[in-house]
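Visitor: Listed below are the residues making up each chain.
There are 2 protein chains.
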Amino acid sequence: MGKKLFQNKYGYFTEDGREYVITSPKTPKPWANAISNGDYSTIISQTGGGFSWRTSATENRITRTFQDTIKDDWGKYIYIRDEATKDYWSATWKPVCKESDFYEVRHGIGYSVIKSRDNNIATTMKIFVVPDNPLEIWELEIENTDTKERQLNLFTYFEWALGDAPDINREFHKLFIDTKYNVKMNGLTAEKCMWSMENSRGQAGNTNWPYVAFHSCSETPIAYDTDKENFIGMYSSEEHPKAMDNSKLTCKTGRYGDAIGALQVTVNLEPGEKKKIVFTLGCADSMEHADYLANRYNNIDESENAFNEVNKMWDKYLNTENINTPDNGMNIMTNIWLKYQALSCRIWGRTGYYQVNGGYGFRDQLQDSLIYLENNPEGTKDRLRIHASQQKNDGSVTHWWRPISKKGQVSRCSDDFLWLPCITIAYLKETNDFDFMDEEITYLDGGEGSIYEHCKKSINRSFAMFSPRGIPLMGAHDWNDGLSGIGIDMKGESFWVGEFLYYILSDFISIAQEKEDKNFVEKCKDICELLRTNINKYGWDGKWYLQATQDNGEKVGAKYNEQGFIYLNPQIWAVISGIADNDRAKKCMDSVSKYLLKDYGALLLFPEYSTPDEKIGYITRYAPGLRENGGVYTHAATWAVRAYAMLGDADKAYEAYRKICPPNRSNDIDTYMGEPYVTPGNSDGPTSPYYGRGSWTWFTGSAQWLHRVAVQWILGIRPNYNELIIDPCIPKEWNGFTYTRKLQDDIYMIEVDNSAHVSKGVKEIIVDGVKVESNKIATFGDKKEHVVKVIMG
Amino acid sequence: MGKKLFQNKYGYFTEDGREYVITSPKTPKPWANAISNGDYSTIISQTGGGFSWRTSATENRITRTFQDTIKDDWGKYIYIRDEATKDYWSATWKPVCKESDFYEVRHGIGYSVIKSRDNNIATTMKIFVVPDNPLEIWELEIENTDTKERQLNLFTYFEWALGDAPDINREFHKLFIDTKYNVKMNGLTAEKCMWSMENSRGQAGNTNWPYVAFHSCSETPIAYDTDKENFIGMYSSEEHPKAMDNSKLTCKTGRYGDAIGALQVTVNLEPGEKKKIVFTLGCADSMEHADYLANRYNNIDESENAFNEVNKMWDKYLNTENINTPDNGMNIMTNIWLKYQALSCRIWGRTGYYQVNGGYGFRDQLQDSLIYLENNPEGTKDRLRIHASQQKNDGSVTHWWRPISKKGQVSRCSDDFLWLPCITIAYLKETNDFDFMDEEITYLDGGEGSIYEHCKKSINRSFAMFSPRGIPLMGAHDWNDGLSGIGIDMKGESFWVGEFLYYILSDFISIAQEKEDKNFVEKCKDICELLRTNINKYGWDGKWYLQATQDNGEKVGAKYNEQGFIYLNPQIWAVISGIADNDRAKKCMDSVSKYLLKDYGALLLFPEYSTPDEKIGYITRYAPGLRENGGVYTHAATWAVRAYAMLGDADKAYEAYRKICPPNRSNDIDTYMGEPYVTPGNSDGPTSPYYGRGSWTWFTGSAQWLHRVAVQWILGIRPNYNELIIDPCIPKEWNGFTYTRKLQDDIYMIEVDNSAHVSKGVKEIIVDGVKVESNKIATFGDKKEHVVKVIMG
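Which chain is which? The protein sequence lines are A and B, in order.
All residue numbers for the first sequence refer to the working numbering, where the first residue is 1 and numbers rise by one.
All residue numbers for the second sequence refer to the working numbering, where the first residue is 1 and numbers rise by one.
Same shape as in the complex, but just chain A (with noise of 0.2 Å):
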């Protein structure tokens, strides 16, 4: 037994930071783990429910929709029946919610674990996902380790709803599901035969659902049932079904039901013995691929070879990139949650415990693939890709869309399009592919051009949304989606876009004087200075910049609001994009820290909206702390981190760093009550009552971000094209740290040495026993391991 960290009182991490341990049933709210892997996706909360869908959540799910974190139902259940007393419990705490003898769940990397002991009989539950083939498994040991023999029968149960999710109309599409036993699966098939997706005369609701649904086992249920009356019964609950009251489930499957899936096992048990059993729950593309499906994964031996399969898959993402540093959280969320949490949660499943989703957000999938760049670059390329191919001729993207309906939005957002070459940018830096510029992408409306081109319709689109003062319009909104009021009749500014704008411009004109661009080079050093000039003519408000104007030219953000008189955005990124001198960047980074940087991390605001403001947008629609208005919200917050550093000041970045970095929540977990081990897209701001308490954990696009201000800017340690730069920001105390990572298919094994306990500054880099004159380290590009020793001073 490893040491544990971070333990409270219902968990701890593994030494190894790989799994965490939750050691009550009861935590603050239902803490889950996201298992996916890019084709078929599952939540698993630490009660034992959870749901699971394919590819696209919010298109065809398989079993049915959650949304209420206290009715953790509507889960995937084991029911455990003792036959000589008729007694029966589950093997996760839900639905039965029985006091176990002991219980724990471990939430790894890719599966969960539900261990139990009831009554004398052991289980151990484990659910992961398949890499490669759109299925889950629940493999089940399960002991007896009483002195004397017992029969037990299993039951799994769950709702099917395949098709649209949320399954709001269950009382109408339930009537289209159709339910088959398979004696060759052992199990189940569930199809239906309706669908809201268009057919091919477009016409929506008249065409089927064109999955195959199965749910097998690999040994040979003696029943099985398909209806929820039947099982549940009409007056009856998940915690106490009428099936229990029956020797066997009904066997009957068909049409007229409401679809569930239910299979019921029975296990005879000599005092000791042990037996694992494997369930599968997956949607195939065929009745054929079903069957397939269901025979390869429904026995012992390859249910292990896929779980070690999914532990092969994450070693490769987790493993081409390691820090060692002082902070274990820092360590822990670094090498494996951050990374996790972004891939399975947010690129690949897109739905989290709060939010049933499945569609991509453009800006939002497109920042989340930087978790790719340290382990995959191939694929932040595929999403650049792919996002670009959502953009139109004019420059303008689909601000999100669902992949299998193809539909979408285009809104009149400011910045959803200048993610495009913003992350471009991030990628080339990175593997410095200059290449990848020229590939052609299909514009939405038809019509090719190269990856760049696609960037400068972007860059050009913005252009083309300016005020006659030169500052880029509001539009429906920035970044943030809650200035919905400001701008909609395209009058309204917003400096944060201006600086963003600025941002990507100063890496862009390289990137267009490469491609011998030179009008549009011209034109971009030309917009570049008007922005500098205008923002900090218009947007300068003494100690900070304004965040925008609305269409009657009120000023947001500004010291004569009552509320909201300081944003975070406008002032970091005054700082991020070099758009502030340095004496206006040290000033509205005092404002942050004095206004803003609280107990939990940057405030997105001060003081919060106390009431509804048509105007300004639904952000004031918020109760005050709450989420954008004036909470923590976590995707911003962690670029103030990379602000402050920015600065110098290597004790505001750790201290913005460290109080939103989730286990250092540990010990106050009663009020934080999310999961230590992802972020959450939100924390209560000062005003609320529940001020600190973590929201909305999973499916927030903060994980990354968390990932990349840390390996960038506190440990400083970024790709530069061709270079590595090598910028410590650190907190003095720090003996130094270890980071090795893959760059272009090199290796660097950096060690940072801080006997000196400064927070900046590089005395001597030695790269391979060679000492160098910079901090900007070129890279090798030889696939070699390369040694790095740095010293601060």
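Misleading hints may appear alongside valid ones.
Simulated pairs of lysine-lysine, PhoX-like, Cα-Cα distance not exceeding 25 Å [said to hold, decoys possible]: (1) B:381 with B:587; (2) A:559 with A:594; (3) A:26 with B:248; (4) A:26 with B:252; (5) A:406 with B:760.
Computed list of chain A residues with no C-beta within reach of chain B, every gap over 12 Å [stated by the list, open to error]: (6) 5; (7) 183; (8) 285; (9) 404; (10) 450; (11) 733; (12) 751; (13) 789.
If you anchor each label on the Cβ, the simulated ranges turn out as follows [claimed, not checked]: (14) B:16 with A:83: 51 to 57 Å; (15) B:102 with A:304: 57 to 63 Å; (16) A:242 with B:594: 38 to 44 Å; (17) A:406 with B:581: 51 to 57 Å.
Please keep in mind that the hints were generated in silico from the structure rather than gathered at the bench.
Backbone N, C-alpha and C define an ideal beta-carbon position, used for all residues, glycine too.
Knowing the structure of chain A, use the given hints to seat chain B on it.
Guide: Just chain B now, with coordinates in the frame of chain A:
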């Protein structure tokens, strides 16, 4: 105690038919009552669950969505706790689900009463909606039947939704609800500063929900709560809420929880002592309005007054027409429940237990409005006005729309617009109010036209949608929505639409003559002739009429089809419209009798489709025997009664009626499952393993039609402009019947003597002592009572 009618193991009708008494909490489905005053509606199930909303269910519900017929929760509950033992139960069976010593539910007209006795505490909870104000009252009488003093606490509990229903994104929407305790009203208010409706700038999601919901009590609560997690507990349930373990609720309100309403009231009762307590739940226009309503109804006297008003209101609707026949089921349904169902659920609430809706269907509520004719024809007239205002200048109409958001959909459905002249004709036949034809109504896209012109536009639109061989096109679908794949290329034909148009024209010609609209008269006559010729030429299939042809010319409902070779509608409407000659009318109705008239009424088609056929439409996607796919679709099954009666086949007419009249399923209740006091949308056909199972009760347009075919086509008494036609078509066995009704402010008391035991034929009619020569009595128009004696023979 009166006679119990139609008693079975779950309940019975009271002798006067005004109540259905349920004696077991566990009926085969949660039998419900839909209570509404046109402005506020609530559904109460016999288990005590239910939900409520105001004006338009989909748009501004105040409590949460209900979708799951098994998990009958998300209700409104009163918990009762004994302070000596800390034992608790609920005034309704749900949510605590304790076996009571006595339990009884009475669903009455405009109210439900739930009685229970547990632990020597008897409670009677009466729930009703106040006639003219947007609130419901829960009047609880609580009695100590014990021999010692009892100290009790009552706790109300429900979840607020406030706005869109279903509340599918609760985790987001709960952030915008604000609750307050209001000492002056002894209760809670709830507001929400987010609504999906558009604001004045056309922006959705940036405006307040404009109502104030409230929940108050006639007693001063000792405590209250507004957060679900406080009350229920994170890992507990409505069955065993955490609040029951604490002496007092937390008294927290505000904007940071998951909003519920819960009031705690202490009640101490001496042995034998009784007490009445009134709770209100409502949705006001402002805080002042909420204060006013809560305070006005927060007391026993006003609650009792309001309940008397409920009874008076319903008397007004029910007492203007009364039948007394040997068939108790017909009497109860016709006199009471069908009117109640059509008004409270269909016209006012527009939402039922199985369907959350709130929108108006163009066809639906127009047909439903015929229920007003005998009690308040102004109601029909108002609906004609409202629906006419949903017509555009091209004659098309909004297929459905929502009254608050004004959102709706114009489709290429081929019959919706025709219901405007159809229902107008029925209104004229009842009222002879030809002045109404000149009333100007604005078109949806501007301009005005008289009702006559609106009707003409409908008819002209139909004239413009003909196939080259002179049959109306199917378009998106006809009355049978599920025929959604037949005619979307605007080539397929609907013979039923042809018959329906013919039916309308036959009556409209005389109206056009009245308007001296000669060209149009001539046109209508020509098209009538054309329709008669073409439908009989192309639509006759040897023994019955075809339903349709597909875009590719394939016939639907033809003897060569393997499935769906006969459809009900084209046969019965060939008779109803008069398009079939005597010979074909008899032949096609013989085919109906042979293939379609089964144990539980007339099937919509035969044989049902076993596999989805995109070219026919989503009707083929239902499991065989379900709903339109070969089930009894009650709406159409009522029309079969009329068709048989028009052919003079009294036995078959009565058979077709009797089989779908709900009380007649009382002996068969475990097969039927539905409430015996309201019509179901459909019941399963012979192929279903649940053959005879009623579904989609309450929210079905069949209620009004079942009323109408009974009085107009079995009893055979129907107004015809200035006449009252008396043409019974009754079972020979009947000795006669009486029928009293209001007609144009006269009262006609009709006694039909069938001592001759014929099924048809009127030998003698004596009106106010004077023999009349025909079976058409000229109406008096003198606002007096007239006695009509009819002797059959």
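Visitor: None of the hints should be skipped; say for each whether it holds.
Guide: Quick rundown of the hints versus the structure:
no. : hint                         : result
1   : B:381 with B:587             : 38 Å, violated
2   : A:559 with A:594             : 14 Å, holds
3   : A:26 with B:248              : 23 Å, holds
4   : A:26 with B:252              : 23 Å, holds
5   : A:406 with B:760             : 62 Å, violated
6   : 5                            : 25 Å, holds
7   : 183                          : 21 Å, holds
8   : 285                          : 18 Å, holds
9   : 404                          : 18 Å, holds
10  : 450                          : 37 Å, holds
11  : 733                          : 37 Å, holds
12  : 751                          : 45 Å, holds
13  : 789                          : 49 Å, holds
14  : B:16 with A:83: 51 to 57 Å   : 54 Å, holds
15  : B:102 with A:304: 57 to 63 Å : 59 Å, holds
16  : A:242 with B:594: 38 to 44 Å : 41 Å, holds
17  : A:406 with B:581: 51 to 57 Å : 53 Å, holds
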